[in-house]
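Q: Chain residues, written in single-letter form:
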Amino acid sequence: MEITAETSPNVTVVSISGTVDSGTAGALATSLREHAGNGGSHLVADLAGVDYMSSAGLRALLETVKEARQRGGDLRRAGVQPNVLRVLDLSGFTKILKVFPDVAAAAASFPA
Amino acid sequence: MSGVTTPGTLEAIQAFVVDGCRRAGADDATGFDLRLAVDEACTNVAMHGYAGAGPGPIGVVLESDGTWIRVTITDRGVSFRPERVEPPDLAAEAERRPLGGLGWHLIRQMTDEIEYHSDSDSGNRLVLGRRIKP
Numbered sequence: 001m002e003i004t005a006e007t008s009p010n011v012t013v014v015s016i017s018g019t020v021d022s023g024t025a026g027a028l029a030t031s032l033r034e035h036a037g038n039g040g041s042h043l044v045a046d047l048a049g050v051d052y053m054s055s056a057g058l059r060a061l062l063e064t065v066k067e068a069r070q071r072g073g074d075l076r077r078a079g080v081q082p083n084v085l086r087v088l089d090l091s092g093f094t095k096i097l098k099v100f101p102d103v104a105a106a107a108a109s110f111p112a
Numbered sequence: 001m002s003g004v005t006t007p008g009t010l011e012a013i014q015a016f017v018v019d020g021c022r023r024a025g026a027d028d029a030t031g032f033d034l035r036l037a038v039d040e041a042c043t044n045v046a047m048h049g050y051a052g053a054g055p056g057p058i059g060v061v062l063e064s065d066g067t068w069i070r071v072t073i074t075d076r077g078v079s080f081r082p083e084r085v086e087p088p089d090l091a092a093e094a095e096r097r098p099l100g101g102l103g104w105h106l107i108r109q110m111t112d113e114i115e116y117h118s119d120s121d122s123g124n125r126l127v128l129g130r131r132i133k134p
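Chains as they are written, first to last, in the working numbering: chain A, 1 to 112; chain B, 1 to 134.
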């Protein structure tokens, strides 16, 4: 798994790629928590590069959604591969994470 | 029939299942689904079955008869009662969703057949079956 983050004044875009499972989800949760806690509670998760996600990854995403919303922000999603979308859908996460067609649209959805 | 016995990593088990599904003629989505089901089951064993006892052995055997793929997972950890695992409330808002509790739900979603047996002599045995799509 690889994580890169790009921070603009209003939004942090976290791009994740590779495998998100019980072995890597801890690092993802730590990274997302850092960004949610740095005053950057407007988060976009770009999942386009994620080829596998287990319930450990869902847990990291849910944890971040809760944290960001408590701070008045949100975690929104752009990009996802079909198999991972199925996991999100079967777990009720397509309802939890607001989805946008691309990163720019997700970033623009936050109030300035 | 092919199999792996840990010590190996969950990553190695995932790769083994994907490879076995491919050899059995399953499509990529089926391979993904069984990888996920087996990964969730083995993660449960590592985190709950062997909790407090340190790492223990997990055996993973994959068999296919051309119509079904069945993966048998064996361990010597604490047994559990699959029928007692409550399904998650998928309609709940994020704020009301608990962290965790999705592993067994995903195993149910990703398989067509589940068989679980536990006794003190032979340990725990979980068989996850999935029909192969042509």
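Careful, some of the hints might be misleading.
Anything over 10 Å on all C-beta distances counts as not near chain A; from chain B, calculated [stated by the list, open to error]: (1) 16; (2) 32; (3) 103.
To give a feel for the contact side, a few chain A residues facing chain B, derived at Cβ under 8 Å [stated by the list, open to error]: (4) 22; (5) 23; (6) 54; (7) 55; (8) 56; (9) 66; (10) 67; (11) 71; (12) 83; (13) 85; (14) 90; (15) 103.
FYI, nobody ran anything at the bench for these hints, they're computed from the structure.
Only a predicted model underlies this, so the values are computations on that prediction, with no experimental measurement involved.
Think of the CB as a built atom: it goes at the ideal place given N, C-alpha and C, for glycine as much as any other residue.
Q: When the hints from earlier in the document are held up against this structure, which numbers fail?
A: 2, 3, 10, 11, 13, 15
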